[in-house]
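Novice: Letter by letter, the chains look like this.
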Amino acid sequence: MPRFEIKGALSMQIELAGFPYLSAILVTCVAGLLVILLLPEERKAEIKWVSAGFSGTTLLLCLYLFFAYDKSKGGLQFVEKILWVPSLGIQYFNAVDGFSLPNLLLTGIVFFTGVLTMWQLEERVKEFFALYFLLVLGVFGLFVSMDLFFIFVWYDVSLFPMYLLIAVWGTTRKEYAAMKLTLYLLAGSALILPGMIYLYAKSGLHTFDITALMQPGTFTAAQQKFAFPLFYLGFGILAGVWPFHTWSPVGHAAAPHSVSMVHAGVLMKIGAFGVLRVAIFLCPEGWQYWSGVMAFLAAFGIIYGALAGLRQTDLKYVIGYSSVSHMGIVGLGLSTVSVEGLNGAVFQMFAHGIMTALLFSAVGYIYDRTHTKEIGELGGLSRVMPVASFYFILAALAGMGIPGLACFWGELVVFIAAFKVYPVRTVVALLALVVSALFMLRVVQRTFYGPLPEKHAQLNDVSFSLGIPRMILAGVLLLFGLFPALLFDVIETASIPFMNGLPR
Amino acid sequence: MIPFWAQDATHAMALLSTLMPLVAFLAIMLGTRSKEKLSAGLSIGAVAVSFGCSFLLLFRLWNLREPLEYSTRWVALNTVEIPFGFLLDPVSLLMLCIVTLICLLVQVYSLGYMAGDPGFSRYYAFMSLFAWAMTSLVLSPTLLQLFIFWELVGLSSYLLIGFWYEKFSATQAGKKAFVMTRAGDVSFLLGLILVLVYAGNLSIVEMNSPGFAGLMPSTMVTFAALLIFGGIVGKSAQFPLLTWLPDAMEGPTPVSALLHSATMVAAGVYLFARLFPFFTLSPAAMGIILFIGTVSMLLAATMAMVARDIKQVWAYSTISQLGFMIMGLAAGGYFAGVFHLTTHAGFKALLFLCSGVLIHTFHTNDLFELAKGGVRRLKIPMVALAVAAGALAGLPPFSGFFSKEAILAVLALSSNPIWLGAGFLGAFLTAYYAFRVIFILLFPPQTATESSDQLSGLPSAPKPSHHEGSSMTLIWPLIILASFTLLLGFLQGPLENFLVKEDKHVLLSHGVLGAWLPFIALFFALAGAGLAWVEFGRQGARQVGFAERVPFFRDLFSQRWYLDHFYRFFVDRVVDRGFSRLFAQNDNRVIDGSIDAMSRGTLETSRFLAFLQSGMIQYRLLASFAVMVLLSLYFFF
Amino acid sequence: MIVPFGHVLMLAGMLFLLGVFCTVTRRNLIMIILGVEVMLNAAAIAFVGAALHWQSLEGQAFVLFIMAIAATEVSVGLALIVYAYRRSGSFDPSSYNLFR
Amino acid sequence: MKWMLFGPETGIFLAAFFFLILSMWRKPNPARDHMYALVLSALGVAVSLACVGAEGFLFSGTYRLDLFSQVFKVALASGLFLIVCLCASLEEIKKRYRQEFYFFLFVCTLAMMLLVSAQHLLTILLALELSSYSLYLLVTLRRNEDMGLEAGIKYFLTGIFASSIMIFGMALLYGATQAVYLQDLAQVMPELMNSPAAVIGMLLIFGGFFFKLAVYPFHIWVADTYQGAPDQVTAYIATASKVAVIAIVLRVISAVDQNSAYLVHVLAVLSITSMTLGNLAAITQKDMKRLLGYSTIAHSGYVLIGILSVGTAGYASAVFYALALLVMKFTVFLVVVVVSPRGRNLEIEELAGLHRRSPLLALALMVSVFSLAGIPPTVGFAGKFFVFMAAMDKGLFVLVLIAMVNVVVSLYYYLLVIKAAYLNVPRETLPPVHLSHPMRCLTGSLIATMVVVGFYPTPLIQLSEAMARSLM
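Protein chains in written order, with our numbering: chain W, 17 to 520; chain C, 9 to 645; chain U, 7 to 106; chain L, 9 to 480.
Extracted from the complex, chain W is given alone in its bound form (with noise of 0.2 Å):
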């Protein structure tokens, strides 16, 4: 006779909030990812339009998520829970919260405008597509996500993909790239992995819920200060921490257009995120104990990311290392522990994730169009395509941090709260936002002033449908800067209660 019983296999439990938009979102992924799996190959104008009606749907779900959030109320909604693996105490748990929200938000206006950008590739159409939406699919799920294996699983998901989509639609040096940063961003998972096994196993609590592994008194305080770099380090590499930010230009480069726009516009802020999400919320004392060496590393990155990139001549590496520079402001918001340096921090990586897909966007236009990326080969390209440039210089001045673009206010909270913290290493990141100008304008200035060379004369400019991804991110990009409230309201409604739940 059989004596054991597989219990509860179809029995779930399951807890929701209303309709679960934040699976539906994921569902809407993998619809999409299934749909172009099964079309056929040939079809391709077929999957890009799938594409981007799926694409579009996510987008549309996020922000009906932004604005139906309820900011009166904060903290986690739309919470859907489902006990996963019952025996490990692993939980299907989704929610949004002040934090996930914008990020939720990025994420559906670059995938959206990815696959727009996109529109015009004719090689290997379905695989790249069905690799992007996996590449979302996890990026998505890692911001809803709010189990530490699930965060795990889906940071994995969107990092895997990578390899293929820099090693087969790539350019510079692409399978050298693609190697590198595969390797370099799975070392960091090499980290997180047991970092958050080893919380899990001195919790006792036999759950993966962050939710409740953040109370405080459930680790120690040595317990937070060990785990808490095994967190920042893996994540941080993701997220272009000095000195483990090589792979960030080199990446970029290599990426296809859209990819490098996901890439540095979502991905990294992915890994800001998981420092936040996993290793601030479980390990605040670490993350106490740890600030100055944070704030350390972001503001040498955020100067050393711009004086590099000044001697760059590839239009994407510069751009790379502008991330690195940028996505140091990140971390030196996140490294202040007040609340102001979340703010910033967390809108700081909206800001820049918009950012960055817009320069992507409108290189990506450019090296269709003239085939190159070295900025020695091209210049005077107003004159041909003022509209592609103006894209790109506007996304160059966001860049530079100018008022009236969501850059600025980013950069301008995370310097407030950071100076009160760090004076002299505030001031030295602040030396960067110079370097940053005089190497934005200098791109700026040797790409699209100066005379034209002969060869880029017949070029065409961005036509309106191709130019509908770019509005939609300059847009954006303005939105947010001219009304920064917008964004700030919703992070505070994370940032305040997080902050006082600390035990100071």
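In silico DSSO-like pairs for lysine-lysine, Cα to Cα no more than 27 Å straight-line: (1) C:Lys175 - C:Lys380; (2) W:Lys471 - C:Lys175; (3) L:Lys427 - W:Lys142; (4) L:Lys402 - W:Lys241; (5) L:Lys427 - W:Lys60; (6) W:Lys241 - W:Lys218; (7) W:Lys64 - L:Lys427; (8) W:Lys64 - W:Lys142; (9) W:Lys218 - L:Lys402.
Quick list of the computed label-pair ranges, beta carbon to beta carbon: (10) W:Leu32 - L:Leu368: 29 to 39 Å; (11) L:Arg350 - W:Gln136: 36 to 46 Å; (12) C:Thr227 - W:His387: 55 to 65 Å; (13) W:Thr236 - C:Pro285: 50 to 60 Å.
It should be emphasised that the hints constitute simulated quantities derived from the structure, not laboratory data. Backbone N, C-alpha and C define an ideal beta-carbon position, used for all residues, glycine too.
Fit chains C, U and L to the supplied structure of chain W, relying on the hints for placement.
Specialist: Using the frame of chain W, we list chains C, U and L on its own:
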């Protein structure tokens, strides 16, 4: 979410005067780029509305006692609140009027000047952007809002300097302008954060209130004041960040007139005036500021003495005059500084617009070329130029005389006579270089004029393109500004009443020199002009200045005291080839190198291990057995 | 038991080591198999000794099975080796190094 | 009826016997023989499934039936069935040996089934020897006799060497404890944890298992044998054989190990060495099967982590990992078997252009390779995760860290494989790979299994936990 609703008529007017240009900017960028006339019309209409509103405001609030503040919540963070709004007080209203007036004039002037340029619409869009940023800057109630528009003004400056982007030098100058002012801005931002950290907010009214001193320790006030002054140094092109302004002359001349002489660069001085009570909290900072103002004033004047490019002369003179204003303010002369700012805006814009006509007609910036071309035949521009130069030199009855005299009066009050001496020296040099230009233009060497008449067909002599065609749009703004320059000096009294009101803590006694001061000042100005006459104006003058005769000084002055060399060296060697290269190499060699080495090491290990695995079977058996033995032995430990 | 169990074990151990020595030193496939046989016999002696020591029959049963295993081993092994020898003409284990 | 408990073994034995008879009486007929094998192995699966609930002891307590053994028998039978599925065109084996091939395959499976139920040292020994000898012969059956012979000889020599060490270990253990039943051992071992003879005897016994499991230091045959054996046989060694040995190791260790620090240390050292060595050596391999051989060594290292984290969690994770290995290894070998050029081994470079030749196979390769590398959401990740969880429960943080570093290293060569399949341009354009419909279904369902179980591993985890509990 942000109620931009007007609370009352005053607020509505303030809103209108700032936001109209933004509307124009957006409309041009989004819609009317291809329709040039419409774009220009939109822009000029918008700025005309702002101008109208600002003057209405000025009249409505002429008797304003308390600063009027309107603000709405823009961003509210946990501890940082950033409101958006307007602060209407005498100095902002005055500045607003200056800005909108000159904007309007310059935009009208540009109709003629920029006609036919392929980027006509873009030009007007940028001009509108500037007008919006500048008016908003002027009316900002908090330092943070001011900083935001400060940056935007810098951006529009960048865009307009590099307006002719095909020209390498123009883009280069734009970049330089932006980066150098950025350096100042960073310092400004730091000062701002410092104030924020101590005071908790950045309201200008509160910073200026007497109670502010209690919020911050005095060393911190000094620090903050100096850091904020760093921003002023950048924006107003003071020593040591002064070299961007002459380069900025690469932009179209109306742009130079508007941004780089009359309004934008004056924003620094405006900020100083704005925070005047705050700055006075720190005498140490005021001392340093006074020093820097003086140095800039004198350095720029020396540079102006040898420049051959007409716009460069005026650019140096702008730096010099801005330094002069800062001297006045730093010495405690609030009204004097602001008054000079006002008059300077008028006559400097005039100078540039006149020069613009000349340049537009003869297509050269070189003084001697212009003279050879025969600019003296352009009657109205030349007269206006002479008027403006007179004002610049500080000759009565032009406005410059009154404002300069006011500043010198303040300087005379200071305990250290060196500042007054510097002021007189400045006045002398100013008159000298101003009239140097006038005389060079008016009295070209005889031979040259004749030959140019005879050989007008030669390509060497610049030919006037449309001699008579200096259209009315070019001329009218000149006439209006010239009349202002003539009249403004006599408005000193009312303006002073308006600006300073009851708190006349600045006594206008004339110190040791007493009532003689105006005459001494006039004497120096006349001396300067006389020297210029001797060297450039009189019959048969060699037209070589005294400074140019000494090669050392000639080189020193024309190379801008080698400041640019220093910057070039700094950027090229230290930043570019130093840090940047170091870091880039570090990335390539050290970080990537070590990672690649690690990978190679792994590969080598892999080969080695794989080699070990392919040996003869017996060796491997032996190895296995040995390992088992070792593991067994481990038990005994 | 006349001989102490420890001595039997020592004998078995030495025999085992001899077998190992033969296995890893002799450059001949057949001798390797013989070495293994010796090792098996060492184990068998240990089993016999242990069976006596514990006065239980299970050790003896083991020995029987070990003998069977040894027989299989020789038959399979020799079959392989003879076949290999027919193809390559060599008993030397170092001549089998096709793979790398 | 007690003999019904012996159902799976009987079934497989009869099938083996059938092939023995067939080889004596009938001329070989590949298609027919394959059909027979398919049907018989499917029947074997069915019988095993039917007997999953069996429980009890047989043969005077030397043979134990419980959930643990019965599920493993299902796994073994399925492994056999899957391997037989790959034998449709058995190019690597001469026609006249086909029937013997099936015979040995079935016998080997039978031996492994016996192994997972073995409860007596002698049973273990016999089952192990029986399966080993079948495999020695299977390896040698390769059409390319030089390769087959060399692989066989090396496998054989290592095998007999290891098994004689194991037998000597048994003798030592018996001499020290008098216990030959595992349940007796469980009772006496706690007192003997400090007796050298008992513990070293135990270690030597494990030596025999390590040989089968391909754990350092008895991994020495793996690369050569994997490379030299026929593809199907290699697949069999890599899947079914490993699963069976993991089962018996678990059974033995659950009986004897009472948290002995020594054994944990030794196993930890061996685990680290195995995975590091396997992963490092795999990096520079050109031959796909040889690479998989080294990766097997590494995977054995991971499994050891689960095994040495004694306790239900550790055993459950090891069981999970074993079952996961069965699926993912098999999928890789499926691709290898189908894509292999005739009469040669598959070089990694020859995977070039696979994504054009057969997108499905390329996808299968990618998923299975990522699964082997332990990338979520695949079953391989879930396996690794549970193994690491179990280890961390025992406080083995450093071990987990090293294992994760190894995962990163291993990813390098796995990515090279994927790169070859998706990225490299083949030197000459090869025709599309033809896959029959059943094979397509099989491949598709394998991919689905790996992903779905990886994403929702709960049922499988519950099963492994139940199995681990039945072991205790």
